[in-house]
Every structure is written in C-alpha cells, then in structure tokens.
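Q: Sequence:
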Amino acid sequence: MHLEALLPIAVDLTASLASTDRLQRLVDAVRAAIPCDAAAVLELIDDDLVPLAVHGLAPEVLGRRFSRREQ
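The sequence shown begins at 0 in numbering that gives the first Met the number 0 and counts up by one.
Just so you know, not all the hints are guaranteed correct.
[Stated by the list, open to error] Pairwise CB distance ranges, derived in the manner of DEER restraints:
| id | residue 1 | residue 2 | range |
| --- | --- | --- | --- |
| 1 | E69 | L6 | 35 to 45 Å |
| 2 | S18 | D45 | 17 to 27 Å |
| 3 | E3 | D47 | 31 to 41 Å |
| 4 | R67 | V10 | 26 to 36 Å |
Hints are computed from structural coordinates only; laboratory data are not their basis.
Positions of the beta carbon are idealized from the N, C-alpha and C atoms, including for glycine.
Input sequences plus hints: build the corresponding full structure.
A: Structure (structure tokens):
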C-alpha cells in the first residue's frame with residue numbers, strides 16, 4: 000500500500016464526524032486502498048465481536064454479535 004492511501008484515512012479518523020460516519024468512511028477508505036468484496040470494523044465486547052461498520056455484507060450483520068468461541 001502506498002503512503003498516499005493512508006492520508007485520507009488519517010484525516011477521516013480525526014474529523015469531527017459521528018462515530019458511525021467515521022467508521023463507515025474508514026471501511027470505504029480501506030476498500031479503496033485494498034480491493035475486496037467485503038469489509039467490516041468489529042469491536043470486541045466481552046467475548047463477542049460486534050460489527051460497527053460494514054460494506055459488502057448483509058445489513059442484518061450490523062445487529063448481530065459473533066462469539067469468538069464459536070467455530
């Protein structure tokens with residue numbers, strides 16, 4: 000990845016945006032820098048991964064919790 004691709008990500012992370020907007024822009028910036036079909040930002044809460052922003056996944060994913068212990 001070129002350093003030029005990191006600048007928009009850094010600017011977005013420090014912008015005065017709502018956290019959901021900031022995280023969605025982060026997902027979009029990562030997708031622009033790294034071609035992929037799907038991307039997500041997950042937060043670890045207790046022992047579950049909780050999606051905070053997604054692209055290329057079903058919208059219902061945002062309302063789910065994924066146990067780290069499930070296989």
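Q: Decide, hint by hint, whether the structure agrees.
A: Verification of the supplied hints:
no. : hint                  : result
1   : E69 / L6: 35 to 45 Å  : holds (38 Å)
2   : S18 / D45: 17 to 27 Å : holds (20 Å)
3   : E3 / D47: 31 to 41 Å  : holds (36 Å)
4   : R67 / V10: 26 to 36 Å : holds (32 Å)
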